[in-house]
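Asks: Chains as they are written, first to last, in my numbering: chain A, 3 to 62; chain B, 21 to 274; chain C, 8 to 223.
Heads up, a few of these hints could be off.
If you anchor each label on the Cβ, the simulated ranges turn out as follows [what the hints assert, rightly or not]:
hint	chain 1	residue 1	chain 2	residue 2	range
1	B	V188	A	I31	33 to 43 angstroms
2	C	I84	B	E170	19 to 29 angstroms
3	B	G140	C	L40	44 to 54 angstroms
4	C	I52	B	L174	34 to 44 angstroms
5	C	L40	A	L41	51 to 61 angstroms
6	B	W143	C	R159	21 to 31 angstroms
7	B	Y58	C	R159	42 to 52 angstroms
8	C	R159	B	F104	42 to 52 angstroms
9	C	G88	A	A28	48 to 58 angstroms
10	C	D45	B	A51	54 to 64 angstroms
These aren't lab readings, by the way, just hints derived from the structure by calculation. Heads up, the beta-carbon is just placed ideally off N, CA and C, and yes, glycines get one too.
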Amino acid sequence: MDLGPHAAFIWSAYGAVALVLAGLIAWLILDGRVQARRLADLSARGVTRRSESRAAAPRS
Amino acid sequence: MQTVTQRLANPTQFMDLSGRILPWLVGAAAAIIGYGLYLSFFVAPPDYQQGETVRIMYIHVPSAWLAMAAYTLIAISAFGLLVFRHPLADVSAKAAAPIGAAFTFIALVTGSLWGRPTWGTYWVWDARLTSVLILFFLYLGLIALRSSIEDETLAAKLTAILALVGIVMLPVIKFSVEWGNTLHQPASVLRLGGSTIDPSILKPLLVMALGFTVLFVALHVKAMRNEILRRRVKALQMAEVARAQAGQLAAAAE
Amino acid sequence: MLVKRDLRLAVRQGGALGTALGFYMIVVTLLPLGIGADLKLLSRIAPGVLWIALLLSALLSLPRVFASDYEDGSLDILATGALPLELVAAAKALAHWISTGVPLALLAPVLGILLNLEIGAYPVLVATMLIGTPAVSFIGAVGAALTLKAHRGGLLIALLVLPLYVPTLVFGMAAIGALLGPGGVTSPFLILTAISLFAVILGPIAAAAALRLQMQ
Chain A
3 MDLGPHAAFI WSAYGAVALV LAGLIAWLIL DGRVQARRLA DLSARGVTRR SESRAAAPRS
Chain B
21 MQTVTQRLAN PTQFMDLSGR ILPWLVGAAA AIIGYGLYLS FFVAPPDYQQ GETVRIMYIH
81 VPSAWLAMAA YTLIAISAFG LLVFRHPLAD VSAKAAAPIG AAFTFIALVT GSLWGRPTWG
141 TYWVWDARLT SVLILFFLYL GLIALRSSIE DETLAAKLTA ILALVGIVML PVIKFSVEWG
201 NTLHQPASVL RLGGSTIDPS ILKPLLVMAL GFTVLFVALH VKAMRNEILR RRVKALQMAE
261 VARAQAGQLA AAAE
Chain C
8 MLVKRDLRLA VRQGGALGTA LGFYMIVVTL LPLGIGADLK LLSRIAPGVL WIALLLSALL
68 SLPRVFASDY EDGSLDILAT GALPLELVAA AKALAHWIST GVPLALLAPV LGILLNLEIG
128 AYPVLVATML IGTPAVSFIG AVGAALTLKA HRGGLLIALL VLPLYVPTLV FGMAAIGALL
188 GPGGVTSPFL ILTAISLFAV ILGPIAAAAA LRLQMQ
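Let's have the full structure, built from the sequences with the hints guiding it.
Replies: Okay, here's the thing in structure tokens:
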């Protein structure tokens, strides 16, 4: 496909966009996995949202 | 009977709903952008003045539009936080900032690469590029402010105020940049954008704009999901620490 | 009354003003050293340079606008006092303008000598700066309020506030050009005034909102 004398600029522009978007998508996917894994670890250890400190600590 | 917004306001329900529509959003974005690329390269004619390089417009203009739209979204989220205390408002604002900054960056890079063959230099201080550059600084400011305050709730509200200040000043800034630009007209009269009235040029532009918008929504939803997970992780970690401390106290008391 | 108190404080902390003025001088001096002493070139860019250096110098004393009162607890007292917090913020911004903005604007023509500023531009330069610097102080106050508790607040203020100074800068420069040009056009000057008024009225509202959040 002949894009004329300035083809390099056209390719670099589209390439840059693709690169940035790919990086963004990759970050979002990876970050999502990290958070999901941490969440799974925590719930595997039996940590729940309602703090159980009140149940564990004896009333004085 | 809950309204849509009420249902979306609950993080759990948001996760549920967003998890289901996200694949569709991604698919739609890919399809629309794919079609837009086809139109941009194979259907749209070269510009009579700029030649083929006008094709850069099909990614430059939509990213500039998205950059503005994302900041507006952040401002609306900020309003939702400060005025309505919407539970997901800050999640939305925090998630949108890096994505908006990325689109702003893309707009700057594509604008620069478009300007080089058109005007001979990698940067020209035309009104749109200058406005986008300042918008980039506004994004950086939001991100910098949030990361410099430890208390998450406080950071959310202060960043919201900054976003609202920014959205109010943005028209003033754009107006001033355009005013300054008419005074110092760049040498060439050629506008970065050529004629956008012709339908053969308008259609690829609008399709790409739509595709970018759907893509942004998909990215934003994904980022919001990540942020909700992050906050859950933090809450659980704090609960775990609290429980351990309480356990230690209990052991010491015996 | 609050303004008087802040002014007295500012005078006692005279160091800040001296630093700002000194900074202004140094920056303006650096320019010909960096660009070369072509007097014709310098005279053409002089108004712009003087305006930009003024903006940067005003930034130096912004972090102190609320910080000293916040640190010793007097901001809390002011917040619960008779005056609405918005007026307190406005008073502090006004004190900043009187103690920093105005002196810088008055120093500008003196520094203009270094840059071979054309004689006719002197009164116009000072006029635009005096009208434009309230925006600098009042928008700056919003930045100071937002970064009260932030790490590296001083640098952060610059990043937050400089983009918001663009309209003042553009119209300050446009006003100089228009007033000196054929016909003595005043519209940019009026717009500059409008921007400053806008900042004076809305700035304290945003600043007070930010302060309230950080004092709970």
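Asks: State for each hint whether it applies.
Replies: Against the structure, the hints:
no.: 1; hint: B:V188 <-> A:I31: 33 to 43 angstroms; in the structure: holds, 35 angstroms
no.: 2; hint: C:I84 <-> B:E170: 19 to 29 angstroms; in the structure: holds, 26 angstroms
no.: 3; hint: B:G140 <-> C:L40: 44 to 54 angstroms; in the structure: violated, 30 angstroms
no.: 4; hint: C:I52 <-> B:L174: 34 to 44 angstroms; in the structure: holds, 43 angstroms
no.: 5; hint: C:L40 <-> A:L41: 51 to 61 angstroms; in the structure: holds, 58 angstroms
no.: 6; hint: B:W143 <-> C:R159: 21 to 31 angstroms; in the structure: holds, 29 angstroms
no.: 7; hint: B:Y58 <-> C:R159: 42 to 52 angstroms; in the structure: holds, 48 angstroms
no.: 8; hint: C:R159 <-> B:F104: 42 to 52 angstroms; in the structure: violated, 32 angstroms
no.: 9; hint: C:G88 <-> A:A28: 48 to 58 angstroms; in the structure: holds, 53 angstroms
no.: 10; hint: C:D45 <-> B:A51: 54 to 64 angstroms; in the structure: holds, 58 angstroms
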